[in-house]
Each structure stands twice: as C-alpha cells, then as structure tokens.
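Student: Required output: the full structure, derived from the provided sequences and hints.
One line per chain: the protein sequences are L and U, in this order. The numbering of the first sequence is this note's numbering, which starts it at 1 and goes up by one. The numbering of the second sequence is this note's numbering, which starts it at 1001 and goes up by one.
No false leads were mixed into what you were given.
What follows is a list of derived Cβ distance ranges for each label pair: (1) Q49(L) with M1001(U): 30 to 36 Å; (2) S271(L) with S1083(U): 29 to 35 Å; (3) M1001(U) with A343(L): 51 to 57 Å; (4) E1077(U) with T298(L): 25 to 31 Å; (5) Q1024(U) with A276(L): 32 to 38 Å; (6) S1083(U) with E41(L): 38 to 44 Å; (7) Q1024(U) with G210(L): 38 to 44 Å; (8) E1077(U) with T246(L): 54 to 60 Å.
Derived from the structure by calculation, the hints contain no laboratory data. Just so it is clear, CB atoms sit at the ideal spot from N, CA and C, and this is done for glycine as well.
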Amino acid sequence: MSASTTMTGYGVSTGLASAPLIRMTPPVITDPCGTPGDDPEHEVQRVRQALAQVAEQLAAIEASGTTGAILEAGAAMAGDPALVQAAADHIGQGLPTAHSLSLAVDGYCSQLESLGGYMAERATDLRDIRNRAVALLLGVPMPGIPRPGHPFILAAEDLSPADTAGLADSEAVGLLTERGGPTSHTAILARSLGLPAVVGCCEAATLSDGTPVILDGEAGTVEAHPSSERRQQALEHARSRQQPRTHGPGRTADQHAIALLANIGTPRDASRAARADNEGVGLFRTEFLFLDRREAPTVDEQIHAYTQVFTAFTGRVVTVRTLDAGSDKPLPFLRLPAEDNPALGVRGLRTSTIEPGILETQLKALVAAQQRTGVQMKVMAPMVSTAQEAAQFADLARGHGVQTVGIMIEVPSAALLAHEVLRHVDFASIGTNDLAQYTLAADRTAHTLAHLLDPWQPALLTLISQVCSAARALGRPVGVCGEAAADPLLAPVLAGLGVSSLSMAAPAVAAVRDALARLTLHECKELATGALSAGEPRTARRMSGTFLGAASERQEA
Amino acid sequence: MAQRVVILGSRSGLHARPAATFVQAAAHKTVRVTVAVDGKPPVAADSMLGVMTLGAAYGDQVTLTAEGDGAEAVLEELAALLSKELDA
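Tutor: Below is the structure:
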C-alpha cells in the first residue's frame, strides 16, 4: 500500500468525507477522419436507436423529478426525428457516424445560442444528449456522474450545472475539482447539497480512479491512502455531523443573537428552505423567477409568485433583493445594450435608470404580496455605489409602501462610505462574492484567481469591519449574504466584526449554527481581530480552526 | 392545404416545456403539420428542436399548415393548444 500523501486546495463546503475517488467520465470528442460505416442506412438506424435510448434514460431522470429545469424536456429533444435526419444528411456525405451526429447537434446548438437567454442554456442540455448518444455509438463509458454502487468522492477537472444534474440522488459523498474557486458553480452546488468539497486542487489530477481519500472541506485538504485509523476518525466525524448539536435561532455561547437565514431563488429552493430550521430568508434572488422571460412579468404574476414564497415563510422574515440583472445575467425583457466589460457595466440597481418601470412594478407587487400574507418583508437593492443611489432607492421603495428598506454592499465605494450610504436606509447586507471581486480586481469566473477571491482576504475583512463600525454608529443592522456566510470557520469571525445575520444555502445553516454556539461574543471578537491582522487567508483560517477546536474540547470536557 | 393563424398563449413563449407539450401532440397525427413564425422558414411540428429554434414569444402570430385527410381537424386541435397557457 502507498504511503499517505496530503494535497491542498480550497475548502468550500465543510465536512469530512472518506471514500474511494472516482473521476467523472469526460465526453468523447468525435473524430472527423474516422472510417465511415459500410451501409449508410444501417448507420442512420444506429443513430436513431442511440438517441431513442438516451431519450428513454432522460425520461426516467425527468420522471424522478430530481433535475428540475436543468434537463428540462431533454427526452423530447433526444427523441426529435429532425435530429436523426440532420445526422443522416452528414452520413450521406460519407462522414463517420458519431461525427455526423456531433455536427447535427452543433447545428442546432448554434441556432439555440443565437436566441440567447433560456434557449441558449438548452444548448448545454443538447450537448449532454450528444455526449450520451456518442458514447453508445462508440461503445465507451457513458459520460457524467458515475454509478459505482457504493459511496464515492467525485473528482473532475471542474463541474458544470449539466454535469451535476444527477448529483443529488447519486452516492457521491464529497466533491473534488482541479479548477474552480470559492465562488465557482461547484462550491455553490456543494453547499446547497451539504456535501464536503475541495476545489482548485490541481494536484488531484494525479490521483487515479479508486484511490481511497479523505476529503476535508473545512481545511481544504485531500489525503490519499489514509491510515485505517484516520479513515475511522473521518467516518465518526461524518456520522456526528449528520446530527446537529444545536437547533433554533443562531446564538453565540453567551446567547448573543446572530440570525441564521437562507438564500433562495427558485420556488424549489424556497419550499426546501421553508421546511428547514432557519429564521427566514436573508436573500431572495427574485430574478430567478423570471430568467427565461422575454416580456416583463406583470404585476399580477409577480404578486402571485411572491405570495407563494411569503406564505411558506409566515412568521419569519423574508429579505427580498430587487431584480439583479445585467449583461452577465441577462433578463431578456430588460433590453440592455451589449457591454465589453459587463461586471463593470449596467447591473443591479443601475438597470433601473434604463427601465425604471420594471423596478416600480416589482415594488408594487412586493407590497401587495406582503399585505396579503402579513410576512415580515424587507426589500434591498443590489449594486448600490453611492449615497445618492441609496437615497433614491429608499425614497422610491418607501413611496410604494415598503416599510424596511436596505441596500446590498457589493461595491467598495459603498463600503468605504457606509457612514453616508447607510444614513438613508434601515439595513445593509454585504454580498461578499462581488465585494471580493471588485476589491481585489479579480474576475469571479477566473479559475486562476481563486486565491484572490478567498473571503478570508484581509482587505475584504477590513471592508466588512468598516461597514459594521459605520452601521453600529448609526444603529443599523448589517448582514452577510455572500458565500462567506456559509463557512462555519468564518461565521464567528463575521459575528466578531459586528455582523448580526448570516444568510446562506439552507443545508449550510446547521454547521454554522453549531460553530457559533461554541464561542462567546468576546471570543468571536478576539478571533476577528486575529483574522484582520493575520496577513494572509490561510493563516487566518487555520487560526479559526484551532480556536474552534479548542473551544469544543472545552465544552465537551 | 389547410392553414390556421394563432396567437401564442404561453407567457414564457414556446420554450422547453410548452414546446414539448405541443410537439408531443403533433407527433401522433396522420397528417404532416408545419409551424412558422414571421420571417423564419416553417419547421415540422413534430420536431422539438425545430419548434424551439423558432423562438416564438408570447403574443407572436404562429402559422400552422397541414395537408391531407383530416387536416382541418388536426389544425383545430393544435391551434387550440397553442393559444392556451402551456406552462402551468
């Protein structure tokens, strides 16, 4: 047996998992120069059969109801006779069978992509169909999530939404990727499924299928060939993790309240979060309800949608973020110009200068739904940069009858001038993903910049600390609703900096609640001071781990 | 040749779910039906990808065409479907 080796990446979803590693099967790239089949008619028949088999598989997945919109209507696409015909045309020109299907799919993908928005996303589904059918034609393993019949740690270069569609009901107990950072799709997905995950671990590429590993989503480490003693430890840890030690509202060890809230977007998130143990919603991403719309949703439609969500959270708080759209997250009904640098373009609240009617309609609908349900509603605007913008939004929202108005702090200018900006509103919520991207000038989607997007970066913590001080002087509460809020090691640091609520993917709440309950507010403050002066993220994170470990030993003693 | 013009009634347009419902209904007909929206060549009504790539939006005029025995009745049924909200 090989000796144990440890590799490091970014821990993005906490927990300890021990299982053999299995790599996601990459799709085959078809060869245009392969040998074509002898009998074109027979080859067309093979394509027809392969697609029919894929349609059957997808229909089974859709029937199980696990994939949601991600593979919506995939079976209907795979079963399209026009797709067989398009492939037959290429086969007729003497091209190899699998490549003919590839070309047929590419043709439709470019048409879907030219339609933009929702349709463009269906191109991803169509490529998944192609990859499955090509695997059948060539007799190679099916790409996608492996089904080994035992628990495993899923390893991949990186994971996309289409790759992970079947993850929720697979036997994967942890995720490990070579690329990606703290805000990557894998990180967000892992937290929403409550799976331990390490991303950005490039050395993981050297691990072969079946290697036993221990993955520590808190420390960001991957241990290959662990000793049986370590494996036993990991299993016990995983077992105890499944039973949270604390329940109810978030509290420090000395009963200082830190509200624990859920981030929601789709109606499915909402119903799942509504059943879970949390104090309400800290971030309701309303644009998720309208992503595929080409006409602006009407007041009535919006009232209906919001009423459903509010009803599920009766007696709890719901913090609504007004439509957050821009060139990177296009809403087809907002007719925004193309931009060279969308992250710095017309996004969030800025879109209301182009289409003011859309924000007003939304505010009207929100107030109507609030009055219908009596929920405790707060409304905040995304991407506020100046005090003037905050004042204008507050006037508009209050004019429509919103009682509690806030803003998101995602832009460094708003954080630096928090003492001015917060004068005009009732509360603030810090979006750490964007605030990190703008503060460290690092594109959120850039794999190679993950270290700069780390929420433990002292510059980011310093800005959060400044916002909290300014808010305390004005008597305004500050929450965090970015990815940082879901990290149990960071939660006590944020509490120590003065944050009074944390909002995260619903399954992440339990671990954060447990971590907060281990320390007093005074200890959280000490930890926060340490993290601010730690100099680099890794040191700060390690310090918090040691601190929390010592505290839990004290409590158990 | 029979023809019907109908105003698309699905608020989210002919995206995946409404398109699948429509294509499924069109697939088991004895006559060949085509669908067209303004400015685009007609596509086969039983082609999911064809119908999706029409990019038909709520309120668009959609033209259904069919030929052969029973064409009128088939178009009647499919036109009724398109004019409804299929995304419920």
